[in-house]
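Which chain is which? The protein sequence lines are A and B, in order. Residue numbers for the first sequence follow the working numbering, beginning at 4 and rising by one. Residue numbers for the second sequence follow the working numbering, beginning at 19 and rising by one.
Read the hints as simulated data drawn from the structure, not as lab findings. These figures come from a predicted structure and were not determined experimentally. The beta carbon of each residue, even a glycine, is placed where N, CA and C say it ideally should be. No incorrect hints appear here.
Heads up, simulated BS3-like pairs for lysine-lysine below, C-alpha to C-alpha not over 30 Å straight-line:
1) B:K58 - A:K106
2) A:K71 - A:K106
3) B:K40 - A:K106
4) B:K59 - A:K71
5) A:K45 - B:K36
6) B:K37 - A:K98
7) A:K72 - B:K59
8) B:K59 - A:K98
Stretch by stretch, here's where chain A covers chain B in the computed footprint (C-beta under 8 Å, at least three residues):
9) 47–61
10) 120–128
Short, incomplete list of chain B residues facing chain A, as computed with Cβ under 8 Å:
11) I74
12) L108
13) P115
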Amino acid sequence: EDQVTQSPEALRLQEGESSSLNCSYTVSGLRGLFWYRQDPGKGPEFLFTLYSAGEEKEKERLKATLTKKESFLHITAPKPEDSATYLCAVSGYQKVTFGIGTKLQVIP
Amino acid sequence: DTEVTQTPKHLVMGMTNKKSLKCEQHMGHRAMYWYKQKAKKPPELMFVYSYEKLSINESVPSRFSPECPNSSLLNLHLHALQPEDSALYLCASSQVPLAGAIYEQYFGPGTRLTVT
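Please work from the sequences and hints to get the whole structure.
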């Protein structure tokens with residue numbers, strides 16, 4: 004059974020304080036790893052897809068990386084508007100499995 | 019601007035009611051999905067449509083009935099729901115899954131359903 008574990012469950016940062024979110028996964032034949040951002044009461048917003056170990060993608064203050072067992076979402080100099088829940092998901096065979104997410108709060 | 023829209027935003031229904039959730043996408047995708055999300059939980063896949071045909075049903079109770087009238091529209095018909103079915107219902111679309119791989123999905127804003 005595919006599994007996704009995200010840590011920490013919650014993270015509180017001061018504005019400008021960089022940090023990383025972790026996503027560990029076990030999947031039979033990874034076909035893609037996704038990062039999404041979800042604001043309260045809204046649908047997830049797609050951020051990145053990573054396909055193979057060593058791959059990196061960047062968007063503004065966010066950078067996602069992938070190894071054979073885990074992915075990191077690095078947040079550089081975060082701003083209060085980066086506050087949200089960040090979901091990691093993996094595509095196995097005909098299925099997407101989501102992690103429980105990391106709730107990020109950035110304090111001004 | 020979201021290119022996946024859902025209506026209504028909120029729905030309150032009794033256990034004997036029949037209602038429908040609607041989803042429309044303008045992304046040219048040929049795969050569409052229904053998810054259910056409870057508070058502080060990840061989205062759970064319910065149904066997948068590829069080329070307007072149901073391809074995956076994750077053992078969802080028959081009180082939930084999906085329908086895909088065309089490549090842009092997806093409905094979820096609700097009947098005789100239970101209070102535990104209260105949740106955020108999300109619609110998503112993507113490129114058609116290939117070789118078992120599901121591609122990045124684009125979600126709508128969701129319908130907040132409350133069953134009384």
